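J.: These are the residues of each chain, in order.
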Amino acid sequence: MASEKVLLARVGRKDSRSIETYVEDGGYKALRTVLTGGWSPEKLTDEVKKSGLRGRGGAGFPTGVKWGFVPKDTKGKPVYLLLNADESEPGTFKDRLLMEEDPHQVIEGMILSAYALKCRDAYIYIRGEFYLGARILDAAIAEAYDKGFLGENILGSGYALNLTVHRGAGAYICGEETGLIESLEGKRGQPRIKPPFPAVHGVFGSPTIVNNVETLACVVHIVNRGAEWFAKIGRNEKNTGPKLYCLSGHVVRPGVYEAPLGLPMKELLFGADFGQGMKDGRKVKAVIPGGASAAMLTAEEIEDCPLDFDGLVAKGSMLGSAAIIVMNEDTCIVDAAKNLSKFFSHESCGQCTPCREGTPWLLKVLTRIEAGEGRLEDIDLLEKISNQMANGMTICVFADAAIAPVLSSVGKFREEYRHHIDQNRCLVGPRSAVPSSAPDLRPSTFDLRPPTV
Amino acid sequence: MSTPDNKAPAGAPPATPPPPPPKDTFTVVFDGAPIEVPKNLNLIEAAKLAGIEIPHFCFHPRLSVVGQCRMCLVEVEGVPKIQAACTTPLKDGLRIKTTTDKVIQSRAANMEFLLINHPLDCPICDQAGECKLQDNSFGYGDQRSRYDERKRQYAGFDRTMIGPHVIADMTRCIQCTRCIRFCEEIAGTAELTFLDRGGRTLVWTHDGKPLANDWSACAADVCPVGALTTREFRFRKRVWYLRKTPSVCPGCNIGCNNSIEHGDGIVYRFLPRLNPEVNDYWLCDYGRFLSESLNLQEIEKATIREKEEVRDVLVPVAIERIAQRIRETIEGAGPKELFFLGSANLSNEENFLLRKLADHLSCGNRDVVVDKSRVRRMKSKTAWIEGDHAAANYAGARDMGLSPSDGGASLEDVLNGKLAPEVIVVADGSFSSIGDDEEKVAVLRRAKTLVVLARTTNALTRAADIVVPAASLAEKEGTFTNVQGRVQKFERAFLPKPPARPHGELLLQLAVLLGFGDRNWTPTDIRRQIQSEVEGYGQLTEKELEGGILMKKGDFVPVGGL
Numbered sequence: 000m001a002s003e004k005v006l007l008a009r010v011g012r013k014d015s016r017s018i019e020t021y022v023e024d025g026g027y028k029a030l031r032t033v034l035t036g037g038w039s040p041e042k043l044t045d046e047v048k049k050s051g052l053r054g055r056g057g058a059g060f061p062t063g064v065k066w067g068f069v070p071k072d073t074k075g076k077p078v079y080l081l082l083n084a085d086e087s088e089p090g091t092f093k094d095r096l097l098m099e100e101d102p103h104q105v106i107e108g109m110i111l112s113a114y115a116l117k118c119r120d121a122y123i124y125i126r127g128e129f130y131l132g133a134r135i136l137d138a139a140i141a142e143a144y145d146k147g148f149l150g151e152n153i154l155g156s157g158y159a160l161n162l163t164v165h166r167g168a169g170a171y172i173c174g175e176e177t178g179l180i181e182s183l184e185g186k187r188g189q190p191r192i193k194p195p196f197p198a199v200h201g202v203f204g205s206p207t208i209v210n211n212v213e214t215l216a217c218v219v220h221i222v223n224r225g226a227e228w229f230a231k232i233g234r235n236e237k238n239t240g241p242k243l244y245c246l247s248g249h250v251v252r253p254g255v256y257e258a259p260l261g262l263p264m265k266e267l268l269f270g271a272d273f274g275q276g277m278k279d280g281r282k283v284k285a286v287i288p289g290g291a292s293a294a295m296l297t298a299e300e301i302e303d304c305p306l307d308f309d310g311l312v313a314k315g316s317m318l319g320s321a322a323i324i325v326m327n328e329d330t331c332i333v334d335a336a337k338n339l340s341k342f343f344s345h346e347s348c349g350q351c352t353p354c355r356e357g358t359p360w361l362l363k364v365l366t367r368i369e370a371g372e373g374r375l376e377d378i379d380l381l382e383k384i385s386n387q388m389a390n391g392m393t394i395c396v397f398a399d400a401a402i403a404p405v406l407s408s409v410g411k412f413r414e415e416y417r418h419h420i421d422q423n424r425c426l427v428g429p430r431s432a433v434p435s436s437a438p439d440l441r442p443s444t445f446d447l448r449p450p451t452v
Numbered sequence: 000m001s002t003p004d005n006k007a008p009a010g011a012p013p014a015t016p017p018p019p020p021p022k023d024t025f026t027v028v029f030d031g032a033p034i035e036v037p038k039n040l041n042l043i044e045a046a047k048l049a050g051i052e053i054p055h056f057c058f059h060p061r062l063s064v065v066g067q068c069r070m071c072l073v074e075v076e077g078v079p080k081i082q083a084a085c086t087t088p089l090k091d092g093l094r095i096k097t098t099t100d101k102v103i104q105s106r107a108a109n110m111e112f113l114l115i116n117h118p119l120d121c122p123i124c125d126q127a128g129e130c131k132l133q134d135n136s137f138g139y140g141d142q143r144s145r146y147d148e149r150k151r152q153y154a155g156f157d158r159t160m161i162g163p164h165v166i167a168d169m170t171r172c173i174q175c176t177r178c179i180r181f182c183e184e185i186a187g188t189a190e191l192t193f194l195d196r197g198g199r200t201l202v203w204t205h206d207g208k209p210l211a212n213d214w215s216a217c218a219a220d221v222c223p224v225g226a227l228t229t230r231e232f233r234f235r236k237r238v239w240y241l242r243k244t245p246s247v248c249p250g251c252n253i254g255c256n257n258s259i260e261h262g263d264g265i266v267y268r269f270l271p272r273l274n275p276e277v278n279d280y281w282l283c284d285y286g287r288f289l290s291e292s293l294n295l296q297e298i299e300k301a302t303i304r305e306k307e308e309v310r311d312v313l314v315p316v317a318i319e320r321i322a323q324r325i326r327e328t329i330e331g332a333g334p335k336e337l338f339f340l341g342s343a344n345l346s347n348e349e350n351f352l353l354r355k356l357a358d359h360l361s362c363g364n365r366d367v368v369v370d371k372s373r374v375r376r377m378k379s380k381t382a383w384i385e386g387d388h389a390a391a392n393y394a395g396a397r398d399m400g401l402s403p404s405d406g407g408a409s410l411e412d413v414l415n416g417k418l419a420p421e422v423i424v425v426a427d428g429s430f431s432s433i434g435d436d437e438e439k440v441a442v443l444r445r446a447k448t449l450v451v452l453a454r455t456t457n458a459l460t461r462a463a464d465i466v467v468p469a470a471s472l473a474e475k476e477g478t479f480t481n482v483q484g485r486v487q488k489f490e491r492a493f494l495p496k497p498p499a500r501p502h503g504e505l506l507l508q509l510a511v512l513l514g515f516g517d518r519n520w521t522p523t524d525i526r527r528q529i530q531s532e533v534e535g536y537g538q539l540t541e542k543e544l545e546g547g548i549l550m551k552k553g554d555f556v557p558v559g560g561l
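Taken in sequence, the protein lines are chains E and S. Residue 422 in numbering that gives the first Met the number 0 is what sits at position 423 of the first sequence, and the numbering runs on without skipping anything. Residue 297 in numbering that gives the first Met the number 0 is what sits at position 298 of the second sequence, and the numbering runs on without skipping anything.
Be a bit skeptical, because a hint or two may be false.
[Stated by the list, open to error] No farther apart than 30 Å at their CA atoms in a straight line, the calculated lysine-lysine pairs in the DSSO-like style are these:
#	chain 1	residue 1	chain 2	residue 2
1	S	439	E	383
2	S	236	E	237
3	S	80	E	237
4	E	186	S	243
5	E	76	S	243
6	S	243	E	71
7	E	314	S	96
8	E	48	S	80
9	S	96	E	341
10	S	101	E	193
11	S	80	E	314
12	E	186	S	22
13	S	101	E	71
14	E	193	S	38
15	S	243	E	193
16	S	22	E	193
17	S	131	S	22
18	E	76	S	131
19	S	380	E	383
Because the hints were derived from the structure by calculation, they are not lab data. Because the structure is a prediction, the values reported are computed rather than measured.
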């Protein structure tokens, strides 16, 4: 089922980063259409609303509706547009591809969106580790200024926009929009209390819209080919448009794939144009469909699972950033949960008690089980700790994300946990063999020294 | 609406009721009981008005709301998820539930999370007894913990002085950020910050600079646990043995309201006492650590110098001797040869009594002086207040009439040699730095009789002919008038150690011997006289004095708004 590539159309083309090839391929046409074709910002917002475009960053909130939250009267305050390029969800690498291979598509999408928001200063918040991406974007922005797509009086329309790249300092939580705003202001990256929402009181106290890279890239194509065209792509009218899927794990061909929203999971894993099946002929054991914060799905659950926002919610998980992580039958699920918990324990910002204390606690219990020192009551304990961390207990939804892999793995692979505790070893995988020495003498994988600060 | 009193009089046209004035309160329903609360309150404060305690750690009435500790969780009707009370904006018709199972479970969950890494070192922790973590654990926590892992430790960040007064122990910290917000928002110096993140988060000084602002010990005050304690109070007393007496700081003329915390006649510390108009929730380090000075009683006996020989006498004997010298002088050279020096360290009542005594003896030679000190600043609820006098009651001493009258001489005249009195009565030996100035003391020494009432020794007491031991601020009651003209009462914490007596009592004994006053007068009796005689003090009432909120004259103009 090879479909037309939209977002990735230019990836792989020679000199895809340069503005010359971008213009040659029809780039900045959408900008011309809007700025010189008499489109009002409201018309552009309406077009995006009609397209049904939903945020590609994780939450899947309708983009046009979000733009509509900016107050009509901003009381003299400027409106800011921030591009969330802090792509740090484990397993996600789609925005990086867009920024590194086709930066002008992203920039054009940003200029269009900024126009819709009547914004004069926009920022690209890129994660600190994307050094290459930041350099490429900087170069591309310089080109765009040269050609008059940025700066004062863009294309003679009188519209002016300044675009700045800001590199983060390496924190997952800065991908949360209010955490990102704090970080951009030069503060410690930790989420703010909502309300007030950023659309009313965001960066520097002004109305602010934060959008994902892929979301704004879509805006270019909505203008070029119309909202109706965009809305027709996808499984249903609630899940529209092309989507980038980041496939990783034990498949033959991992990578970023573009497909209409609602692509069946089986197709992505086994399709000839996509993952091409499991590596070494193993079986699927579990799939994380939306990055580390999404609940795991079992092999049975992925049988008829459309990869879109509502399809995965129906399965008790979420599309998130569309990072599909596939685990084969040799994966120890306790080890996987521990690995994910280690990530969340490391990345919790530390302001709210349940998350600050709960994430390391989960990690310690999982580490103990993995090291063969588990107790049967630990299984219930994991669930209980998780349940008292989330659902309003904290300021942001980080804790809800952190418990997803734990709760789903305990819920769906309870027997494996039980086996691990009973037998002091993994059910499957390289560490499943009966240890030659006494089990409790096996080296612990967890460093029990006090944390260094 | 259905009240019976709105019946229109017969025959009159039915009057349309005037539109109700816009409410300046919200109606909030706590657990089914509605209550009117002012609009500018936080939900936690509003609940307090309704008599409902919402447990919290990070919320502080004068600091910004961060909603981090997650202890104040409540259910808000119409909102599916549980909400932090401190971050829930008040609005009309808000319905809050604080007793549901969900709320109780969430609080217990939070307590469990807070305690998993908190050391169980209450027996050696100074905060024990006034620890919010203890209180809330007892009130809302589960007594069992399911945590069976290693507790977190902060090697190198425990029991460390981070400033001249504050000792930090990060293993006890619950990351509520009150101290960080205090330094940033009240002191304006922002020495403290969060380092690292997640379970490794800790509060420390930024860039290793010390926590050395003028109010640094307030960071320990706002700390709900024992993570920040003061060097001065550490390990000195279990707090449940401390008794608290409302008092006023003697450090400068701002007159911050404090609480003398004492036991067995020893002052252990000062804590701020809330007065939004003066010092709000705060005390400066200088004033706070004057507490130790109240324990100093260097003058332990009355002494009389006779022919270069100093001998101990009983206090009544010393006072009798003073009276005798005054009588002799009046009979001889007349009252112009007497000089009375009041003190800005003494209460209005004491200074008033001294002035009345001088009046009684027809002596116009009286004065009060005070050192100018470094400007001290204190943030009230709404403004910065500046004080620049090294004692608490200069304004009051002046109000009581302790200035030269009827062509009388001032202290300067005496020091210049314009007047060489036969008897000089210094009501407080530590009235200013003059008491330590050998040259000036030598001038005063020229008097035939130099009388000093004092608690601490200095050049003046060493030179004096008659020294009478006097009591400390903690050992007497009275009122001070601060830089705003605000009359504030301080109370007696404990009795003076014999034979020391409060200055006022000594002066009264002297006055009685000289034929003025009644030996049964209490400070309250003298205050009544002040009310009837001193301009501006007429409206003082005992009840108002308790709160220390009475303004004597005019409206105080604050030094710069917030």
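J.: Now tell me if each hint is right for this structure.
T.: Consistency of the hints with the structure:
| no. | hint | result |
| --- | --- | --- |
| 1 | S:439 - E:383 | violated, 77 Å |
| 2 | S:236 - E:237 | violated, 67 Å |
| 3 | S:80 - E:237 | holds, 26 Å |
| 4 | E:186 - S:243 | violated, 41 Å |
| 5 | E:76 - S:243 | violated, 51 Å |
| 6 | S:243 - E:71 | violated, 56 Å |
| 7 | E:314 - S:96 | violated, 33 Å |
| 8 | E:48 - S:80 | holds, 29 Å |
| 9 | S:96 - E:341 | violated, 36 Å |
| 10 | S:101 - E:193 | holds, 22 Å |
| 11 | S:80 - E:314 | holds, 22 Å |
| 12 | E:186 - S:22 | violated, 39 Å |
| 13 | S:101 - E:71 | violated, 39 Å |
| 14 | E:193 - S:38 | holds, 20 Å |
| 15 | S:243 - E:193 | violated, 41 Å |
| 16 | S:22 - E:193 | holds, 27 Å |
| 17 | S:131 - S:22 | violated, 36 Å |
| 18 | E:76 - S:131 | violated, 42 Å |
| 19 | S:380 - E:383 | violated, 44 Å |
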